[in-house]
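Asker: Take a look at the letters that make up each chain.
4 protein chains.
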Amino acid sequence: MIERYTRPAMAKIWSDERRYRIILEIEEALLEEISGEKGVPPAEIRSLKSALGPALLEQVKAQEAKSGHEVIALLSVVARAIEAQAPNLVRYLHYGLTSSDVLDTAFALQLRDATDLIIAGWEEAASVLRALSRKHELSWMPGRTHGVHAEPITLGVKLAGWHAEAQRNIERLKRAKELVSYGKCSGAVGAFTHLSPQLEARVCARLGLKPEPVATQVIPRDRHADYFHALVLSAAAIERFALEIRHLQRTEVLELEEPFGSGQKGSSAMPHKRNPVLCENLCGLSRLIRSYESAAVENIGLWHERDISHSSVERVIFPDALIALDFMLARFKTVLDGLKVNLERMRENLDSSLGLVFSQKVLLRLIDAGMPRLKAYDVVQKCAMRTWKSREPFHKALEADAQVIKRLSKKDIAACFDLAAYRGEVREILRRGGVR
Amino acid sequence: MIERYTRPAMAKIWSDERRYRIILEIEEALLEEISGEKGVPPAEIRSLKSALGPALLEQVKAQEAKSGHEVIALLSVVARAIEAQAPNLVRYLHYGLTSSDVLDTAFALQLRDATDLIIAGWEEAASVLRALSRKHELSWMPGRTHGVHAEPITLGVKLAGWHAEAQRNIERLKRAKELVSYGKCSGAVGAFTHLSPQLEARVCARLGLKPEPVATQVIPRDRHADYFHALVLSAAAIERFALEIRHLQRTEVLELEEPFGSGQKGSSAMPHKRNPVLCENLCGLSRLIRSYESAAVENIGLWHERDISHSSVERVIFPDALIALDFMLARFKTVLDGLKVNLERMRENLDSSLGLVFSQKVLLRLIDAGMPRLKAYDVVQKCAMRTWKSREPFHKALEADAQVIKRLSKKDIAACFDLAAYRGEVREILRRGGVR
Amino acid sequence: MIERYTRPAMAKIWSDERRYRIILEIEEALLEEISGEKGVPPAEIRSLKSALGPALLEQVKAQEAKSGHEVIALLSVVARAIEAQAPNLVRYLHYGLTSSDVLDTAFALQLRDATDLIIAGWEEAASVLRALSRKHELSWMPGRTHGVHAEPITLGVKLAGWHAEAQRNIERLKRAKELVSYGKCSGAVGAFTHLSPQLEARVCARLGLKPEPVATQVIPRDRHADYFHALVLSAAAIERFALEIRHLQRTEVLELEEPFGSGQKGSSAMPHKRNPVLCENLCGLSRLIRSYESAAVENIGLWHERDISHSSVERVIFPDALIALDFMLARFKTVLDGLKVNLERMRENLDSSLGLVFSQKVLLRLIDAGMPRLKAYDVVQKCAMRTWKSREPFHKALEADAQVIKRLSKKDIAACFDLAAYRGEVREILRRGGVR
Amino acid sequence: MIERYTRPAMAKIWSDERRYRIILEIEEALLEEISGEKGVPPAEIRSLKSALGPALLEQVKAQEAKSGHEVIALLSVVARAIEAQAPNLVRYLHYGLTSSDVLDTAFALQLRDATDLIIAGWEEAASVLRALSRKHELSWMPGRTHGVHAEPITLGVKLAGWHAEAQRNIERLKRAKELVSYGKCSGAVGAFTHLSPQLEARVCARLGLKPEPVATQVIPRDRHADYFHALVLSAAAIERFALEIRHLQRTEVLELEEPFGSGQKGSSAMPHKRNPVLCENLCGLSRLIRSYESAAVENIGLWHERDISHSSVERVIFPDALIALDFMLARFKTVLDGLKVNLERMRENLDSSLGLVFSQKVLLRLIDAGMPRLKAYDVVQKCAMRTWKSREPFHKALEADAQVIKRLSKKDIAACFDLAAYRGEVREILRRGGVR
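Residue numbers (numbering that gives the first Met the number 0), protein chains in the order written: chain L, 0 to 435; chain Z, 0 to 435; chain C, 0 to 435; chain D, 0 to 435.
Each hint should be verified, as a subset may be incorrect.
Which copy is meant is left open, because identical chains are indistinguishable; a pair holds if it fits in one copy or across any two.
[Unchecked claim] Straight-line C-alpha distance at most 25 Å; calculated SDA-like pairs for lysine to any residue:
1. Lys11 with Pro196
2. Lys65 with Glu256
3. Lys60 with Ser14
4. Lys65 with Gly260
5. Lys65 with Ala329
6. Lys209 with Arg174
7. Lys381 with Glu256
8. Lys339 with Glu391
9. Lys48 with Ala64
These are calculated hints, taken from the structure and not from any lab test.
Bound conformation, chain L alone:
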């Protein structure tokens, strides 16, 4: 992923250095398990990880360029470096393992760490959402369907929906992490030709992983494709929220505004512009992450006990998607932290529909008062159309309608327009959304 969208902690997880360290941890875990039987002294084992300094990293790269095989390059270089002080270790390094045993197990550990960062990002965002939802529990604004005013809603309710979706995504990510927390040492075709299932279980336990029940040369890729969807859905959630802010920031609506730094330039041409560029960026990044997914799914159908076509794909899309999502969560939190809420504009916009947003309430009161549904529907639609054309407030149009007035008193009509009546429902929604 390009630097612009990369944050250091996530980038570090995906560095070559970090991967090599994890690989050595896995080799170490195996050595610990077989040290008794094979006679590898603890002191030698301790020397393994300490070997990996910057000079060695360079040597690994040079070696890989020659041999075309990353794991062999790493192990040769390390073996050469510690051979003198740890001859027994070197003999049993990578004992009975195939490259994928360490690569896939390392991948699991990287994914686990990366997922923890993502979950933490969501939790921070969710916490701001919760606070904002509570603060705006009763900040009324037009609810909109099809981009058209529907019935009133509060900003708190809207944000409670976001909070609930954030929680669902956190749950997804936790499950996704479990899904990929599997390691293997079952060898070249997964048949335990050299190491036993029992040994595998102990090595995995040392690493905090479960052993893959039935592997091929690799951990089956349905796990990774399943995992990936959690990233896609997280990005899509942020996209939905960002899209909403973009809509609400358009010139004519202007109910919300993302933060705009005092030194920031909106446009090279139009000095007055405050554009929702952070949120637009979030939408684009989600588009990007979503696009990767088909490749993750195509990786499932490897040939026989594996082919390596998935490798290049995974080298790109997993770090890229996780780095971009990590960036999105941080940027989304920035947007929420500085979100400007224009309460007056929300009220103005709500009022601009002249009460039409209460039409269904009137419809139901007419039905309760004995009017058949279809009849009531026609009556209300007729009054609504009058308001729509004449700009006369809806309650006036209703009061002027003979059919309505036969069934409802002015007070009955007024009651249909009372937002205070919904306090209880609003509170219950926030409670359901985990905000109250």
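Add chains Z, C and D to chain L, keeping to what the hints say.
Answerer: Same frame as chain L, now just chains Z, C and D:
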């Protein structure tokens, strides 16, 4: 989905008639709940579903063509039909509801039924896989990585891996079903402007659903996009298995063959051909189902309290994917039921690599016997290359190597080539895969 | 594709009957070419196509269910039906051909016909766009970037852009049609084992096709994947236009409205609503068509001289995408034909930004008058911010600024706000867009 | 794109430095055009590009971090650097332009250069394909459909098909380059509010571009989405070829082998393995490039006169896809250059089907000899099945069949098995494929 890939039980779930029936069940559930308060006699409620016959279905279609609104069309036609005998019901029909309350709740019920069919299809396939895996627990064949012989494997182990993946897919589908088993009656913007959260909970309970914690006009689409992935992964699993059979059926390999009917024609041109067309078809259908997914994810970002852009997408991709997957599972079971296993060919192919598939075992024995790993690697590679070029059996090449023979006796070497030694591991793999 | 989005002319192209007729036309073309050499009397050849009635279609279906091979089923049934009167024809029917020779050639002819319908649909839509663009050449409205008012634009300019994109899509479709207008009779692996390249060229010429230069068993699928993109881009263009209408129809903007029938119901709940449901539907359908594309591209990599995994995919996505696109074009034309343009609202919205949309013009005049660019930028931004906060018209804010007034007279400032000055540019844009 | 798949020449095109240089070239082109009218001396203009050294690049980055706007940052830094010696230039720098005028025009120039590299890569690969195809014009091998032996083919014919597809991709890329070779200076909403269409045309001509007929703030994104497909199809072609090599390298087939360096290690576990890892990698990279496409298409539907959601997507997918494709072409050429062709194995495999691959030839001879087609089909299928089961050569089985022998002499039968008869067709195919 085109007729060719459609089975009747799944198609029925997605028929207009079935959807309309479910919608009326939902309306009925609400009416039951409010009947006391509003005064709708039970006898009237019972008349609701019975109204829907073929004549009415035609009327609904005609009405929708005029009004451009399916739910209103359905309810108008039904209301007209039962008005005389059920005037109170008609008055409170769809009371306080918005179309999406019934459409989304109906969608949940359709998805639930459809998922049950898919799970049943997987369970049947898994059961055949289990039997085949047990039968071929010790049917040895070349394990292959990169399409090249690696170490030996048994067909039972391969199938245990498929069984484990089938089980993962069944788990996914069960979870996916839970994910979409949510209903709503929270109205036009999800703010409970007309009906209470408590009423919603009771209506949903009647239908065996949970109430959506925070809805907009619709159930949030991350649920459906999450659900869809279970279909994609199920299809991808079958694709992986079908791809394997295709590989193993190629002329030069011919270890497995999909069933070929006695009346079947392989090719209009080449009478001798037996092509794995069923499995090729399964691969194509997975490609198709996989492609739909991006649209399911794009549906998440609806505007404000909803726009209706998702509707056309869902009308196509959910029935199409479920119908195609249902067909795939049935066809996959047909393939498994008639699968021809050529045991001799498996053995011939295994023998054709002259023992090279046991090279790592020799490598490890040399290490155990005191040879440094990299040295041992070079020695084994040299012998392997000799076998590769001269077609001399690998154990002969080893016996002829001075370095080897210094460390290993002929008996030691022979032990490296003994498949019987792996019985225990094979049994354990089958146990892990849920087969034993 | 589901009935709801299917128009009859396009559906007919993709019917089994039509495909079978085309296959017989291809067989006929070959028979015509070899009749002299093989001795098939013209009268027999004429009997071929006439054979195909409804009864035979049923028999083909029944036969295919048994043999699992569509082309063989068709030819057997037809051969049986005309055997008595055309024995020589029957002997040489399908002579030297493989199924794909006729299937792929037939597919080319179907695609050609279907593309012609799509091009016609675009041409009708483009014609309405041209008329609307000319009509609204000088209908000013806010140009918007990031959803925020930028500089003024006319509806005519916006529509000229749509017209230009429509023309690009027509060009794409014409090229795409050429790309797939290739036939083949080169046999089972494309090696002309039975018929000659010269004969193939003559048969193709009879059908208005070019011979595929180098085929395998099939026409190479890069042609079809390339073709498919033209459908995706056409759908995406309509989506862009529909998205714009949806934006401009939102309650607060309301500059455009899609047609709303007098009998139409906007919502089951809110009688006053006029929702851009046609345009939302167009956006959803584009999402659907776009999603199919990855499957079209995956079809390229067939095994060796072909496998049949592409077949199921193509049976679904080509008809579905073409039927849906055909529907989209018709619906888009309906939207344009009934498009309501609210000129006053466009003007009101434009005025609502108090002249800020002219800020860059002022900036440039200040530069021309000798102010350094960055200085001018700061001055204009300051005045813009004042207007933004105080709601004082921008030209007043400028007149009140000492730095501005030192450089520009009131008349100079007024000239920056004059829309009439842009007539020439607008006319030129329309000319470039093919509208004038 | 990660370093592993990046080659320097392509990477340079996408560096910040290169982009900034191109932006300054565009600014320069405009200044040249307006210098007479505005009074900017040529000497000042010449100072523009020379300003950009490493120190300035750092300043731009720092400035962008503050202002959040890349173009403004670049121009401010450059302006500050050359203000003293070029005051008139600085005043008219970016005169009348909006950021997208330079960014999109620069993007066109980058895409043009990148496409040239890709075309050159294809031309090199095509040249090797041509040579190989000619060399193996008559190297017979089994043609395979469904992975099963069909009729014979030559490697030359197979490669001629690849060459033809390579040529189609070169044509596509040339057209794609034309499609995106458009620039703009039409300002913030494309309405030429500040600069004239005539000036734009002259500036574009200086840069070797055409002016965009109707732009919004940006060049319409259907151009870029159309362009992108050429990359996807190029990658898919290489994937198809690589897939074929992988198939032909599997242990049981082994007709082709990709190059394997003498120092290369095939596996950390199995020293004898030669895996087609280069080709597997090519398949994975195509999967990756293909996946990006949906995002490119989603970028078309920008809001109004543009939103900036496409920007983050384009910053990643265009460089990444072009860099990966550039790498693929180079690697593909490496594979072709070192491709090992096992002629004996090709012949052995061909012979292994005992002559069944000539079955259709026999079928047609029987028809020519007066046997009805369906009868002949059954007779040939019966003989084929006998051969299939008994391993008796097909021509023997035919000679032993009473029905056959009634119609065909032994010589007639032998003629059906003669590969030399196809020389003319093979030559013609190579000619058609542009190889001869």
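Asker: Evaluate each hint against the coordinates.
Answerer: Results of checking the hints against the structure:
1. Lys11 with Pro196: Answer is neither: 32 Å inside a copy and 47 Å across each miss the 25 Å cutoff.
2. Lys65 with Glu256: Answer is between: at 20 Å across copies they meet the 25 Å cutoff, but 55 Å inside does not.
3. Lys60 with Ser14: For Lys60 and Ser14, the Cα distance is within 25 Å both inside one copy (13 Å) and across copies (23 Å).
4. Lys65 with Gly260: For Lys65 and Gly260, the Cα distance is within 25 Å only across copies (9 Å; inside one copy 50 Å).
5. Lys65 with Ala329: Cα proximity of Lys65 and Ala329: across copies only (17 Å, versus 40 Å in one copy).
6. Lys209 with Arg174: Both. Shortest intra-copy (14 Å) and inter-copy (21 Å) distances satisfy the 25 Å Cα cut-off.
7. Lys381 with Glu256: between (37 Å within a copy, 20 Å between copies)
8. Lys339 with Glu391: Close across copies (22 Å), not inside one copy (32 Å); limit 25 Å.
9. Lys48 with Ala64: For Lys48 and Ala64, only the intra-copy Cα distance (23 Å) is at most 25 Å; the inter-copy one is 38 Å.
Consistency note: the structure conflicts with earlier hint 1 alone.
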